[in-house]
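Residue numbers (the working numbering), protein chains in the order written: chain A, 1 to 390; chain B, 1 to 379.
Derived from the structure by calculation, the hints contain no laboratory data.
Predicted model only: the values in this text are computed from it and were never measured.
A portion of the hints provided could be inaccurate.
[What the hints assert, rightly or not] Cross-link-like lysine-lysine pairs, in silico, BS3-like; alpha carbons within 27 Å at most:
no., chain 1, residue 1, chain 2, residue 2
1, B, K83, A, K216
2, B, K197, A, K212
3, A, K219, B, K197
[Claimed, not checked] A short list of chain A residues far from chain B (calculated; beta carbon distances all over 10 Å):
no., residue
4, S99
5, D180
6, V321
[What the hints assert, rightly or not] Here are the in silico distance ranges between beta carbons for each label pair:
no., chain 1, residue 1, chain 2, residue 2, range
7, B, K83, A, P340, 54 to 64 Å
8, B, D70, A, G243, 21 to 31 Å
9, B, S170, A, G243, 12 to 22 Å
Beta carbons: idealized from backbone N, C-alpha and C, even for Gly.
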Amino acid sequence: MRREFLNGFTLKFIPLVWSGIWRRPARSVLIFLQVSVAFSLFGLLQGLKTGVDELVAQTRADVLVVHGSLALFDPLPLSLLEQIRAIPGVKVAIPVELSGAVYQNPAQKLGIVAVRPDEGWLSAFTFTLSPGSEAAFRRLRTAAIVRDGVARKYGWKTGDHIPLQLETPQQDGSTTWTFDVVGTYADSDLNGGSDNVLINYDYFDAARVADKGMVKHYKVEVTEPSLAVAVTDQIDHRFANSGNETTTESMRALAQAQLQSIGDLNFLIRSVVGAVLVALLFSTATMMMQSTRERMPELGVMKTIGFSDAAIFLCILAEAVTIFLAAAACGLGLSVFAFPLAAHIVPGLSMPPVVVASGLAVAVAAAAISAAVPAAHAARSNIVAALAAG
Amino acid sequence: MLGVGLSGVAARPSSALTILVGVTCAVGALVSMLAISTGARREETGSVRPDHVILSKTGERPGQSDIPRDEAAAILGLPDIRKGAAGEPIVVFESMTFIEGRRRGTGTRIYFPVVGVTNTLQDYLPDLHFTGGRSFHSGLHELNASNACARQFTGFELGDTRLIHGVAWSVVGRFDQGQAQNCVVYGDVDGIMAAFKRNTYTSVALTLQSPTGFDAFRAALAANPALHLDAVLESVAVADEFRQLNNLLTFVAYFVGSTMALGATLGAVNSLYAIVDSRRRELATVRAIGFGPGPIVIATLIESIVLALPGALLGSGLAWALFNGLAASPFGYSIELTVTPGLAAAGIAWALGMGMLGGVLPALRAARVPVTTALRAAN
Numbered sequence: 001m002r003r004e005f006l007n008g009f010t011l012k013f014i015p016l017v018w019s020g021i022w023r024r025p026a027r028s029v030l031i032f033l034q035v036s037v038a039f040s041l042f043g044l045l046q047g048l049k050t051g052v053d054e055l056v057a058q059t060r061a062d063v064l065v066v067h068g069s070l071a072l073f074d075p076l077p078l079s080l081l082e083q084i085r086a087i088p089g090v091k092v093a094i095p096v097e098l099s100g101a102v103y104q105n106p107a108q109k110l111g112i113v114a115v116r117p118d119e120g121w122l123s124a125f126t127f128t129l130s131p132g133s134e135a136a137f138r139r140l141r142t143a144a145i146v147r148d149g150v151a152r153k154y155g156w157k158t159g160d161h162i163p164l165q166l167e168t169p170q171q172d173g174s175t176t177w178t179f180d181v182v183g184t185y186a187d188s189d190l191n192g193g194s195d196n197v198l199i200n201y202d203y204f205d206a207a208r209v210a211d212k213g214m215v216k217h218y219k220v221e222v223t224e225p226s227l228a229v230a231v232t233d234q235i236d237h238r239f240a241n242s243g244n245e246t247t248t249e250s251m252r253a254l255a256q257a258q259l260q261s262i263g264d265l266n267f268l269i270r271s272v273v274g275a276v277l278v279a280l281l282f283s284t285a286t287m288m289m290q291s292t293r294e295r296m297p298e299l300g301v302m303k304t305i306g307f308s309d310a311a312i313f314l315c316i317l318a319e320a321v322t323i324f325l326a327a328a329a330c331g332l333g334l335s336v337f338a339f340p341l342a343a344h345i346v347p348g349l350s351m352p353p354v355v356v357a358s359g360l361a362v363a364v365a366a367a368a369i370s371a372a373v374p375a376a377h378a379a380r381s382n383i384v385a386a387l388a389a390g
Numbered sequence: 001m002l003g004v005g006l007s008g009v010a011a012r013p014s015s016a017l018t019i020l021v022g023v024t025c026a027v028g029a030l031v032s033m034l035a036i037s038t039g040a041r042r043e044e045t046g047s048v049r050p051d052h053v054i055l056s057k058t059g060e061r062p063g064q065s066d067i068p069r070d071e072a073a074a075i076l077g078l079p080d081i082r083k084g085a086a087g088e089p090i091v092v093f094e095s096m097t098f099i100e101g102r103r104r105g106t107g108t109r110i111y112f113p114v115v116g117v118t119n120t121l122q123d124y125l126p127d128l129h130f131t132g133g134r135s136f137h138s139g140l141h142e143l144n145a146s147n148a149c150a151r152q153f154t155g156f157e158l159g160d161t162r163l164i165h166g167v168a169w170s171v172v173g174r175f176d177q178g179q180a181q182n183c184v185v186y187g188d189v190d191g192i193m194a195a196f197k198r199n200t201y202t203s204v205a206l207t208l209q210s211p212t213g214f215d216a217f218r219a220a221l222a223a224n225p226a227l228h229l230d231a232v233l234e235s236v237a238v239a240d241e242f243r244q245l246n247n248l249l250t251f252v253a254y255f256v257g258s259t260m261a262l263g264a265t266l267g268a269v270n271s272l273y274a275i276v277d278s279r280r281r282e283l284a285t286v287r288a289i290g291f292g293p294g295p296i297v298i299a300t301l302i303e304s305i306v307l308a309l310p311g312a313l314l315g316s317g318l319a320w321a322l323f324n325g326l327a328a329s330p331f332g333y334s335i336e337l338t339v340t341p342g343l344a345a346a347g348i349a350w351a352l353g354m355g356m357l358g359g360v361l362p363a364l365r366a367a368r369v370p371v372t373t374a375l376r377a378a379n
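All chains should be built: construct the whole structure from the sequences, respecting the hints.
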């Protein structure tokens, strides 16, 4: 029964809705374009905001970074390593030192990440190493594992000797360091940096002339994710009021802090999205109002031949929803397409599907709001008055 | 002619309102986004002086350089440097490092610079004046903080102390400097370098006799074989440092502004079509009494612009009321949003554009109204 009614309804109404849309093609096309534009902006802005939140949620909360208390790049001495490892709940602690380098010319910048490949070191990182490279990295002091993108960019292969100009001078004053490529790695951490080279900390520290025995931070993996907060407090407590005060943060907290700089603009993003929707609603509501006013005589005829008030209401609503949905899909599609361009400021950002879904839902709501008043007006209208309006 | 136009507006108030709201929102968004980059630029260039020069090691960036003490001392002998009150050249040896603070209220992490400086700083920055306390003394662990620090962070009241690598440094003075709104902390350069285990200065800043002496100064610098340094004007150094941020902010502002303007223009086209349609008879009458299509097109365009302009004023006003003075820290920089008359002018220009573009198609339709049928029509 219900099914029959629905079938009848659809059969009868699709052509009606369709002809309603194309009654004034120019107007419908303009509304379509306006809605598309609004939703492409909605997609981009909302995508940026939601995408950032999702990225933060994906970073590991069970890996901690221990650095000096003054800043993220405030160094600590290597001597803290054993004390950190002795703290209950610490599974792995790995010293990390950073430096900058260029390859061939100053425009080709690289990040140097010196790590000590102690037992289980990989679990404190988000790296995926190419097969065999880990053993070679442990064996060869001058080994380098290169980020996959960098290896492709400069055509480096396993076995290559690569001369790099580092910011860190060697004992003899030279800043040219030569490393042996033993493999490549991929990194799922969004703050990992895309142009990095992994080298051995012990070799780097022995060969450099200054800052010996210092590290930029320690990477710490906890035995249980639930222990992360407790371990964080214990590490900082252990070194409080010493000459080497530490600040310990999880990777997730770090990502959050780093991306909060964008979050700081949330108020602005919300205001802009709000303004877009208000302007859109106002404009489309006016158009729908005018459209129904012009069609009063036709609607009067429809009523005369037996269309119910509810049918008229649904018919006008369906028109608006159809245009809005099609236009929003088009606009959101455009924003998905353009998203990689807008998102290059945040590496690893991708358009969350939930934004597209919520965009479509907002479109239906916007259509309903802008069409509700004129549709109700049309449904309530008196046949005689409607016919006379022409 | 305009009277005819405005009568159409009166007949379709909701259409006119649509244009107003659309333009208001688009201009409001554009102006408030641009206010970020204006605020950033004001912050960056507020204290830049044309006779200031920054030195760094050849090929290194100012503020991140390594200038050995002996090389720095040799700079004092260069010509064209202005002399201070005591007769010594105005050259400031700096050692800058960034340390992190937590924003008041939100707890957001923001880095602020701690700059170790020599006592020539007062001559180098004559517009720096203390609003409380006194200047730091060399050899003591004392800091001077700009008033922005206390506004943005906790722990910068006079007498507050801060641990730097286990040593307590106390805040002994608070100052304002020109238009600068960012937190800067000064301390004795030797003490700061010792605290951060450094041997080299990160940059050297100096004041020239006159801005025109820059080329001569640079030539003298290049001619000295003991010095491997580059000199840049402060304005150039600042522009380089912030180019990426400025480009990004401006791009985002214009991208969002243009997209919204596009939407508003489409809405305006629709509304103007409606207004034109509602007065076909008047237009036909005007044509019948001898006006050509030209004046009708122009009148419709003027009308479209007249409808868009209040939106520009309203939009700029809203942006000013909502966002002027709001502190934002995009990408870790601390910026106060600034809505200036220049931005309002940009908003008005934008609105003019929207009015013109939105008016073209409806104006052409108005000019093509067929005289006889329109006159005969009942509506």
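Cross-check of the supplied hints:
no.: 1; hint: K83/B / K216/A; in the structure: violated, 41 Å
no.: 2; hint: K197/B / K212/A; in the structure: holds, 12 Å
no.: 3; hint: K219/A / K197/B; in the structure: holds, 24 Å
no.: 4; hint: S99; in the structure: holds, 13 Å
no.: 5; hint: D180; in the structure: holds, 28 Å
no.: 6; hint: V321; in the structure: holds, 19 Å
no.: 7; hint: K83/B / P340/A: 54 to 64 Å; in the structure: holds, 56 Å
no.: 8; hint: D70/B / G243/A: 21 to 31 Å; in the structure: holds, 29 Å
no.: 9; hint: S170/B / G243/A: 12 to 22 Å; in the structure: holds, 18 Å
Checked against the numbered hints listed earlier, the structure breaks hint 1 alone; every other hint is satisfied.
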